[in-house]
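Protein sequence lines correspond, in order, to chains A and B.
When we follow the working numbering, the leftmost residue of the first sequence carries the number 113, and every step to the right adds one.
When we follow the working numbering, the leftmost residue of the second sequence carries the number 2, and every step to the right adds one.
DSSO-like mimics (lysine-lysine), calculated; alpha carbons at most 30 Å apart, straight line:
1) Lys320/A <-> Lys330/A
2) Lys44/B <-> Lys389/A
3) Lys420/A <-> Lys44/B
4) Lys363/A <-> Lys377/A
5) Lys325/A <-> Lys164/A
6) Lys287/B <-> Lys5/B
Residues of chain B clear of chain A, computed beta-carbon distances all greater than 10 Å:
7) Leu13
8) Gly18
9) Pro92
10) Ser146
11) Thr154
12) Leu157
13) Val165
14) Ser171
15) Thr233
16) Ala235
17) Leu237
18) His275
19) Asp284
20) Ser322
21) Phe328
Derived by calculation from the structure, the hints in this document are not laboratory data.
Note that the Cβ used here is the ideal one computed from N, Cα and C, for glycine as well.
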Amino acid sequence: MRKYLMIAGIFLAYCANAASASSEAGNSQKTVPPLDMEKLKTELSFVSGKKKAEGAWPRKIRYTFKVYDFKTDAFQQEAKSFVIKKKPLRIIPHAVGVAEILWAICPRDRLVAFNEYSADPDSSFIADKVRERGPIFKSKQTELVIGYQPDLVFTVFYSSADFKEKLKQAKIPSFDLGYFGTIESIKEQILLMGVIIGEESNAQALVKLIDTKTRELKARLPRRERPVRVLYYDEGGYVPGTSSNFTSICKIIGAVNVGAEQGIKSWSQIDYETLLKWNPDVIIVPARSKLKEQLMSNRVLSHARAIKNGSVYYVPGVYLRADSQYMLLSADFIAGIIYRQRR
Amino acid sequence: MSKKDFYLFSALIALIGAGGFLSLTSGSWPISISNVLLIISSKLGLYAGAINDVEATIVWDGRLPRFLVALLVGFSLGGAGTIMQGIFKNPMASPGVMGIDSGAALGAVLAIYSGLASGSLLALPIAAIIFSIITLIMVFAIATSRGRTSISTLLLAGIALNLVFGALTSFVITLSTREFDVGRVIVNWLMGDLNNRSWEHVNIVIPTTIIALLGTLFFARDLNLLMLGEETAANLGVNIKRARNGLLLFSSIETGGAIAVSGVIGFVGLVAPHIMRSLVGPDNRKLIFFSGLLAAVFIVYADLFVRLIIAVDLKVGIITSMLGGPFFLYLIIKHRKQFEYM
Numbered sequence: 113m114r115k116y117l118m119i120a121g122i123f124l125a126y127c128a129n130a131a132s133a134s135s136e137a138g139n140s141q142k143t144v145p146p147l148d149m150e151k152l153k154t155e156l157s158f159v160s161g162k163k164k165a166e167g168a169w170p171r172k173i174r175y176t177f178k179v180y181d182f183k184t185d186a187f188q189q190e191a192k193s194f195v196i197k198k199k200p201l202r203i204i205p206h207a208v209g210v211a212e213i214l215w216a217i218c219p220r221d222r223l224v225a226f227n228e229y230s231a232d233p234d235s236s237f238i239a240d241k242v243r244e245r246g247p248i249f250k251s252k253q254t255e256l257v258i259g260y261q262p263d264l265v266f267t268v269f270y271s272s273a274d275f276k277e278k279l280k281q282a283k284i285p286s287f288d289l290g291y292f293g294t295i296e297s298i299k300e301q302i303l304l305m306g307v308i309i310g311e312e313s314n315a316q317a318l319v320k321l322i323d324t325k326t327r328e329l330k331a332r333l334p335r336r337e338r339p340v341r342v343l344y345y346d347e348g349g350y351v352p353g354t355s356s357n358f359t360s361i362c363k364i365i366g367a368v369n370v371g372a373e374q375g376i377k378s379w380s381q382i383d384y385e386t387l388l389k390w391n392p393d394v395i396i397v398p399a400r401s402k403l404k405e406q407l408m409s410n411r412v413l414s415h416a417r418a419i420k421n422g423s424v425y426y427v428p429g430v431y432l433r434a435d436s437q438y439m440l441l442s443a444d445f446i447a448g449i450i451y452r453q454r455r
Numbered sequence: 002m003s004k005k006d007f008y009l010f011s012a013l014i015a016l017i018g019a020g021g022f023l024s025l026t027s028g029s030w031p032i033s034i035s036n037v038l039l040i041i042s043s044k045l046g047l048y049a050g051a052i053n054d055v056e057a058t059i060v061w062d063g064r065l066p067r068f069l070v071a072l073l074v075g076f077s078l079g080g081a082g083t084i085m086q087g088i089f090k091n092p093m094a095s096p097g098v099m100g101i102d103s104g105a106a107l108g109a110v111l112a113i114y115s116g117l118a119s120g121s122l123l124a125l126p127i128a129a130i131i132f133s134i135i136t137l138i139m140v141f142a143i144a145t146s147r148g149r150t151s152i153s154t155l156l157l158a159g160i161a162l163n164l165v166f167g168a169l170t171s172f173v174i175t176l177s178t179r180e181f182d183v184g185r186v187i188v189n190w191l192m193g194d195l196n197n198r199s200w201e202h203v204n205i206v207i208p209t210t211i212i213a214l215l216g217t218l219f220f221a222r223d224l225n226l227l228m229l230g231e232e233t234a235a236n237l238g239v240n241i242k243r244a245r246n247g248l249l250l251f252s253s254i255e256t257g258g259a260i261a262v263s264g265v266i267g268f269v270g271l272v273a274p275h276i277m278r279s280l281v282g283p284d285n286r287k288l289i290f291f292s293g294l295l296a297a298v299f300i301v302y303a304d305l306f307v308r309l310i311i312a313v314d315l316k317v318g319i320i321t322s323m324l325g326g327p328f329f330l331y332l333i334i335k336h337r338k339q340f341e342y343m
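Assemble the whole structure, with the sequences as input and the hints as a guide.
Encoded structure:
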């Protein structure tokens with residue numbers, strides 16, 4: 113019995129070691145992005161628009177609530193209105209993208225707390241800042257959120273119904289934000305959030321900055337006869353489609369998301385044979401894996417263009433999950449990867 | 002083998018053959034039937050002409066291993082189910098009754114969560130096999146007192162470990178939801194998945210299937226006598242302890258090996274022995290083999306269904322449970338009086 117327990121122990125230790133080695137392998141990749149990543153990140157992290165006269169409160173905001181229904185693989189939208197009595201001074205974002213946007217457009221002393229994912233460097237571009245500043249709550253710690261006495265909580269359409277209901281019972285004003293999957297929808301949400309928190313000019317400045325930087329990025333991309341076809345392949349063999357932020361990232365940098373090209377709407381699992389048939393120019397895999405080695409050594413895939421050219425690249429999860437202004441940073445990073453051998 | 006058994010055997014082999022043919026000729030990459038035949042002939046050294054390299058790799062390294070894994074997993078689960086139902090004299094017994102599949106699932110889920118599974122194709126199956134062996138040892142350690150192993154305590158220990166490992170697996174799943182990709186891989190695996198199986202997977206499941214088949218066939222006569230009652234079996238010269246432990250060990254090897262390469266596939270090991278018992282009778286020397294073949298047919302066609310008829314997102318384990326569950330209910334209703342006397 114003791115012998116078997118020892119074997120299990122050695123196995124688990126090996127697991128932990130391999131996991132950390134895998135993480136290191138993913139991060140060791142050097143990229144040459146068209147725009148300076150650090151500078152771009154700093155610029156996108158804080159904007160200040162022209163100060164205008166304070167608008168009237170309370171205010172009634174009319175907006176279009178758009179969500180992606182994963183069951184039917186289709187968008188649904190409806191016209192809604194929201195009344196906010198006074199300028200919110202104690203704001204809590206319940207999603208990473210929302211926190212990142214608020215970080216840029218809202219005076220930071222008005223941000224009362226952040227959810228755990230905003231403090232996770234694998235999900236958030238402001239993780240280090242959030243950790244420094246805190247406090248941090250877990251997504252389901254509704255009582256903690258209520259205890260911070262916010263005067264506005266930004267939820268998103270996929271926040272749990274329980275969480276939203278408890279906020280309602282505690283009479284805490286909350287605003288449910290819709291779809292964030294494309295750079296266009298992100299810009300719409302930024303402007304909407306700007307109106308809700310009374311920081312319209314900052315929101316407009318951030319949207320303007322996104323447009324300017326997008327143009328700058330596009331201007332630095334190499335001219336090509338045909339766009340690069342990029343496939344994102346995760347550990348479960350899943351590929352993102354049209355509604356994913358990966359499609360939007362590809363569009364910004366003039367590439368084609370092969371999943372969307374082949375008719376996938378949200379996410380779909382494909383086998384190696386299908387991957388070979390679709391034959392992408394570049395394959396992107398999540399950094400915290402050893403998927404590159406696995407794909408490169410697979411016999412079926414040995415005939416695929418990306419494998420033959422060695423064009424399989426690790427990308428840290430934070431770039432693949434971006435649903436805020438930092439999507440531009442993701443586009444810059446991925447452009448650095450896919451165009452670096454072609455410049 | 003009686004004439005009836007021969008016809009049944011031929012029908013099952015024909016079904017497997019047809020399933021194999023469909024598996025090799027169908028897929029997202031269009032390959033003509035004649036080319037598939039040429040590729041197979043060439044690989045077997047029967048054809049010396051030119052073949053398309055890409056098509057050959059797809060058929061030989063993609064489709065064929067997937068079909069063989071489905072075949073061997075089915076055969077293993079069917080055989081293991083027959084043994085479990087015989088030993089426990091319980092029609093509800095299945096390969097998972099001793100907690101082996103829960104143990105294997107926990108090992109696999111840990112391998113995925115730790116990131117080890119993405120680094121090596123062998124990591125996940127090896128983790129699953131190690132944990133299924135640990136589970137087997139634990140179940141026996143709990144159920145054995147003064148050199149005697151109680152069959153009812155074995156069953157109860159299996160149920161308890163099933164719950165404990167199930168809870169631990171759920172805990173790891175909860176932890177993995179932070180990383181969306183990892184959570185999805187785990188859930189896929191728990192639903193039974195034959196996507197992207199390769200020769201490495203075949204090489205894992207072949208030895209476990211063969212060793213377990215030979216082992217269980219060796220004890221099959223003893224199992225027949227054990228079903229008459231331990232006292233009768235002992236009077237007829239059966240070494241009860243050796244036979245029972247041997248059968249449990251071999252069925253656990255079969256289960257662990259199968260789950261290691263396919264994930265958790267339910268109901269096949271439960272339903273196949275029931276159907277075959279009504280067709281070939283209760284003689285385990287035949288039943289183990291025939292149940293294995295029928296379970297192989299189930300899984301080969303379930304995999305084909307997943308690949309070709311519905312989108313690839315559907316999993317083999319879901320199909321087998323969706324078809325096996327209602328069919329099992331039908332059997333229960335049809336034979337409920339018979340079960341009362343088992």
